[in-house]
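Peer 1: The numbering of the sequence shown is UniProt numbering, which starts it at 1 and goes up by one.
Calculated from the structure, these hints are not laboratory results.
Wrong hints could be hidden among the right ones.
Think about it this way: if two alpha-carbon atoms lie no more than 25 Å apart in a straight line, the pair counts; the simulated BS3-like pairs of lysine-lysine are [stated by the list, open to error]:
no.	residue 1	residue 2
1	4	111
2	124	93
3	177	188
4	111	86
5	38	86
6	93	60
7	177	124
8	208	249
9	4	60
10	124	86
11	4	93
12	93	111
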Amino acid sequence: MSSKIAILGASGYTGAELVRLIATHPQMEIVALSGERKAGMAMGDVFPHLRHLDLPGLVKIEDIDFSGVDLAFCALPHATSQAVIKELPRDLKIVDLSADFRLRDPAEYEKWYGQPHAAVEMQKEAVYGLTEFYRDAIRSARLVAGTGCNAAAGQYAIRPLIEAGVIDLDEIILDLKNGVSGAGRSLKENLLHAELSGGAYPYSAGGKHRHLGEFDQEFSALAGRPVLVQFTPHLAPFNRGILATAYVKGAPEAVHEALAARYASERFLEVLPFGALPSTRSVGGSNFVHIGVSGDRIPGRATVAVALDNLCKGSSGQAMQNANLMLGYDETEGLMLAPVFP
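Using the sequences plus the hints, can you model the full thing?
Peer 2: Laid out in structure tokens, this is it:
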């Protein structure tokens, strides 16, 4: 018997990506799609690449009957998401793709997002959605908070190194290149083709990026003491993908061994042979992550590079991986599609 699925915020990129993935899932059925500004439209008119699918029309959230829904994906903006989720039925399983439930400390949420959290009790209930590290808690969760796409990429590079104790925790630099779809579908002047194409630029530099809240929370908890990384993301003129490059102080071979050992049994994470580095081109449209390690001319320094698709493994694919666990399905269901190339 299939699970009935609702997608709230289906008119955005992550909502459309969820539809694309669920279309290949043998045990999930989409029964409701919301899109406040697109209510009344067919999904195939909003996203022509989905025209071949038999989907319900887009409606407003208040018009959805949740009594027959097993799990809802919430792909709404932060602040909006918490306001909606706190009004949903208490027996409904939820995977939230926004930032609203990622940070466990309400004061940290207010610090990074500029307003008090409006659903503090639910924030305490939420399980952080980095699947490979919170798998057991996710299985029994009612509310899972998907990670930021940048935060996921950085953590895949660094978490095993903290766990294994093979790097200097005060010497972590994370440089990240992000495809333009990471900025969402809303019209923005700096994302116009003439403004973006042919160039790349850093943003939220100097410790201002909101995903630093996730790095601080997760890395410090692992280490048992504060860990602050130096992090600069860059917007690059490609549609999908993240390439995160971490510069760490530690023996390169030990760094590679720690990553290879931690991810040896993970279906979606592949550590390349020592010295080989990944490309976003090799993981596009998929739930796979490629990780590479190289040494440096400076002894005792290592470079770790992580490539993933921001819309899939960084967001909607991760969300579906978590939903599979919550619903008792094989974690890989609907997610084994090969990357698109070229």
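Peer 1: If a hint holds in the structure, say so; if it does not, say that too.
Peer 2: Here's how the hints hold up against the structure:
no.	hint	in the structure
1	4 to 111	violated (37 Å)
2	124 to 93	holds (16 Å)
3	177 to 188	holds (19 Å)
4	111 to 86	holds (21 Å)
5	38 to 86	holds (23 Å)
6	93 to 60	holds (19 Å)
7	177 to 124	violated (32 Å)
8	208 to 249	holds (24 Å)
9	4 to 60	holds (18 Å)
10	124 to 86	holds (13 Å)
11	4 to 93	holds (11 Å)
12	93 to 111	violated (28 Å)
Of the numbered hints listed earlier, those contradicted by the structure are 1, 7, 12.
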